[in-house]
Structure formats: C-alpha cells, structure tokens
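Undergrad: Residue numbers (this note's numbering), protein chains in the order written: chain A, 7 to 324; chain B, 7 to 324.
Just so you know, the hints here were simulated from the structure itself, not pulled from any lab data.
Note that the structure is a prediction, hence the values are computed from the model and not measured.
Each statement offered as a hint is correct.
Pairs involving identical chains hold if they fit within one copy or between any two copies, as the list cannot separate such chains.
Lysine to aspartate or glutamate pairs mimicking EDC-like chemistry, simulated, CA-CA at most 20 Å apart:
hint, residue 1, residue 2
1, K228, D214
2, K173, D233
3, K33, E171
4, K33, E142
5, K138, E29
6, K173, E35
7, K173, E36
8, K138, D193
9, K173, E142
Number of protein chains: 2
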Amino acid sequence: MKLVPLLEPIRLQMERVEYLIHEALAKVEEPIRSRLRYSLDGGKRLRPALVILSGRMFAPATEPFYSLAAAVDMLHTATLIHDDLLDEAPLRRGRETLHTIWPAGATVLAGDYLLGQAISLIAELEHPRIFKVFGETLCTLCAGEIRRLVAPGGYSRQNYYRSIEAKTASLFAASTEMAGILAGAGDMQIAALRRFGRELGMAFQIVDDVLDFIGDEAQLGKPAGSDFRQGLVTLPVLYCLERVEDNGPVHAVLSGQWDDEHVQAAIEAIRSSGAIEASLAEARAYARRSQGALATLPDNAWRQLLCSLADYVVERIH
Amino acid sequence: MKLVPLLEPIRLQMERVEYLIHEALAKVEEPIRSRLRYSLDGGKRLRPALVILSGRMFAPATEPFYSLAAAVDMLHTATLIHDDLLDEAPLRRGRETLHTIWPAGATVLAGDYLLGQAISLIAELEHPRIFKVFGETLCTLCAGEIRRLVAPGGYSRQNYYRSIEAKTASLFAASTEMAGILAGAGDMQIAALRRFGRELGMAFQIVDDVLDFIGDEAQLGKPAGSDFRQGLVTLPVLYCLERVEDNGPVHAVLSGQWDDEHVQAAIEAIRSSGAIEASLAEARAYARRSQGALATLPDNAWRQLLCSLADYVVERIH
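Model the full assembly from the supplied sequences, consistent with the hints where possible.
TA: As structure tokens, then:
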C-alpha cells in the first residue's frame, strides 16, 4: 500500500502546500535557505494531507487550508530539527541531519525560523481558536521532549503511551482539529476529528517504532535499530521485556553499554519474542479506533480517504 | 537614573506580569523549571514595562495587558537562550548561561518551551492582528541572527543598523505596537507607538554596545569587552575604524587572533578615538526621535513615563 496513489485525489492541493512551504523559505538568506529546503524535502507530508482531507470533508478547498497544512508541516520539521540535535541523530529521511553539517546554534536558528514562518501562516488565518490549538500543541511537544530528557520514568507501557502521545499524536490531533475549526465544523465534529487524529497518531508512532526493528534502511531513511541504539524504549522493547525472562542484550543496549553483537542479539530477541506482532496488533487497534471516530462525520469520499489513510498507516510495513 | 523608581507607578502591574511569567513555568518538570526560572530572573523587564505603559496611555490596566507583557518577555528570554548557545556566551545577567550547564539539546528545548508558552499567552488574547505581529517579529529576530551568522556583510554602519534593528528594535517596536492594538488605539496612533518602540530599541542597543566598552562587570552582568572579544562589530568599533588610521589591535580582535594585550590596546584605542561619544550622540538622537513619535499620542502621565524611559535608556550609563 503506497501513500502517493492514495493521495492522488488531492495531488493538486498538496502541490499548492508544497509551493507555500518553499515560498516561506524564499525570504531567508543562503545557505540557510538550501539547508532548510533540504530538511523540508523528503517528508511524507502526512500531516498536511490530514489537514486537506479533514477540511474537504466539510468545505471546498481554499487557500487558508493550504496555509494551515504548510504551517503544520513546518512546525513538524522545526521540531525534528531541534529533536535531532537533542538526540544527536546522524540521519533523517535518508539524509544527514542539519546539526551534523552545521554548528548547534545555526541548527537551532533554522528551526526557530521555520517556527516563526509557521506562526505567520497561522496568523493569516485570523482564527483565535486555531492559534490557541497551535500554541498548546507546541507546548505539549516541548514538554514531552523535556520530560523524556530529564524525567523519563521507568520502563512502562504507560510512560511510552504518554511519550508518543506528546511527541506524535498531539500534532496529528491538532492537524485534524484545526482543519475542522477552519472548515466551520460543529464542536462535536471537531472533537471527533481530534480523536481521529490522536488515535491515528498513536498507531503511526507505534508502527514507526516497529519499523525500527523490521524495516530496511531504504524505507526508514536511517539504519534499522537506530532509535534502539540511542536507548529509546519503544513498545516492541517493552513487550520483549515483559515476555522474555533473560533480557541481557536488551538491557545492555538500553544502558548504553553495547557493541554490535549486543544490538544484533537484542534485535533478534525482540523479533522472536512476539513483541513485533503484539505491537502491531495494538497499532491496528488504534487505527480501528481512529476509523471509529470518523463514523459520526459526513459520509463522503474524503472521509473514505481518511479511513484508507488509517489503513495505510498500519499496512505501510509491507 | 534608575529604572526601578521610574516604574514605581506600575509596580503592582509589573508584579502581576512577574507572576504570569512564573506561572507559565509551573507546568514543566524539574529541573527544567528551576533552570528556566534562573534564565528568566534578573532581566530588567524593560519590554514588559513598555507594554504596560503603552497600554495605559489608552486604556485601563486589565489582565490581557499582563499576558501580552509576559509573552513579550518570554519571547525575549527564549531568543536570549538560543542566541547565547549560538554565540557560546558564558555569562548573561551575571549568571552562567544555560548551555554552559546543560547539553545543547536541552537548552534548545528550554527556549522552545518558553516560546510555546509565549504563543499560548498571545493566543489567549484572541486578537489576530497581535498574533500576526508576534509571528513576524519572531521571523525578523531569527532572520537577523541567521544573516549575522552566514552573511554578516562588511564592516559598515549600515550593516550594524540593519542588524540591531532585527535583533533589538524589532521586539521593542512589536511590544509597543501590540500594546496599542490591544488597547484599541487608532491606526495612526499604533504606527506612532511602533515608531516610538523602534527608535527606543535602536537607542537601547547602541547604549548596550557602548557599555561593553565603558561599563563594569557589576552593571553588565558579564566582563567588559565580552561582546568585542566575540568579534561583534558594534557602533563604537565602527567609529573607531573610521576615525583612527592604525587599527592593528582592533583588527586583531575582530579576526579572532588576539591575546589580552590586544584586547586592552583595542579597547583603549576605541575609548580614546571619540567613538564612545559619537555613538552616544547617536543613541541620544534615536531617543529624541522616539520621544518625538510620542508627541501625537494622548498627553497623560503614562506618555510622560514613556518619555522618561527614553531618557533612562540613554542615561543609564551613569
């Protein structure tokens, strides 16, 4: 299942979003412009697609939806740039991350600039309720990352859900919610859209975390096991820790005391423990709940597309 | 001339702003909260005072003005945290800068969090025009810093003015402009407020740059000559380069090839060249222009205080 054919009905709209994203960079000096373009390119634009589709369910496609979609993607990329610096991640979307090429300060500014542009796009919508959601989402994203950094808590599924809710589901939920507000949907419908986005975001992040163990580098844009090597405690790791008694290699990797042999043994242990299947089952449950949230919304081709998008999010492992 | 007695008529309002700034930190985990408090404390709160005074000229003091004032100060501190990381500055407001204690990533997140809180406060005002000014100001601040980093241009006063306009005057101008919008002032009055803030910001930054050469560590919160050692080409440096033929030590410092002897000789050369006096004359001219912009605004005690504030900004060297 591929994303591109699925989004064919909104191809022209997505091109307009792409144009706005690149236009926002036109004002900034080289070489920052090229570097930012480099960071922005290669994304799947899943969040902008959610904005466009959620909006279309209720209203014709108009310029403000493209601005909102572009703003959401720019906020997303800004947080990726800052997070990669935080994690000292070497690769993203198959390319070197910004901070491996640039000094930390310049990387920070590049993220800040994108954020400023995103705020300016949002401001043009002249919609206080959308500003509010945008501001709260930025706070949630930051607070989640701060918590991960300074108070990660124990290895528990509860901590994991809390963490992916802040880092991923919050922006998915904000994307669909803001689109609903902009489209003039009713409060119940906006709440359903938010729930759809939130559950979809949870499914998406779980699948992302599974892919770290079963994906290949071409698909991931970085070597398999990259997040794991950084000590990220994701759902497959947690399921493995719950299911397997002797988890020596997994603990070694999580504690940062590892060599390649440990990593291979740990990945093997996780794969053979049933943790992958259990995680995917959970992702599917979230995706189903997201589809359930759509049930109260207008039954049209756009809703059908959002429903297919939820299938895509969990089926993209194949 | 001291700032505190000058602001006595708005002391209670400023305390409310202080409360809001600290309240915004209550939601974030330790040790980030203490660190952010540490970064926020010790500021002069000049920008919040501009918001309160500009607002009072037109309207009674109400909660939204405090939120706006707190947001402006939080945006200011967020940019300071990120800028200090960029400049690798060791001290700010007499304290160690955040990035000397924390890893770069955590420092970035702390700034992002403040920015998120500032946006949330601004969003609560439900005023699209204010949101727009806020977004544009963040873009201007970032674009200015980016330019300084990647395309600083030659040593010219024109480049210097352009740079301080982006890094300082833009936020002063935004503070007074947003206060005017919030107070329901007319468009001409808002433009005059913006002009007042802009000219005052230019004066303020020039004086700040002069203080780097003539201030003492207690006043500056960092050793004298700190900015100069970092190679910052400020107005006193430019005047010295224009006025003195043999500028060996100054060029040595600017090129980064210096020892303490070079720095002392360069500072001495700048002080004895008349560059300090010429710079201060220019700061005074900006301050006078800022006072001129007030002339069209309601003639009341608050306008008088803003006028005195402009005097303070240039007289604070004594």
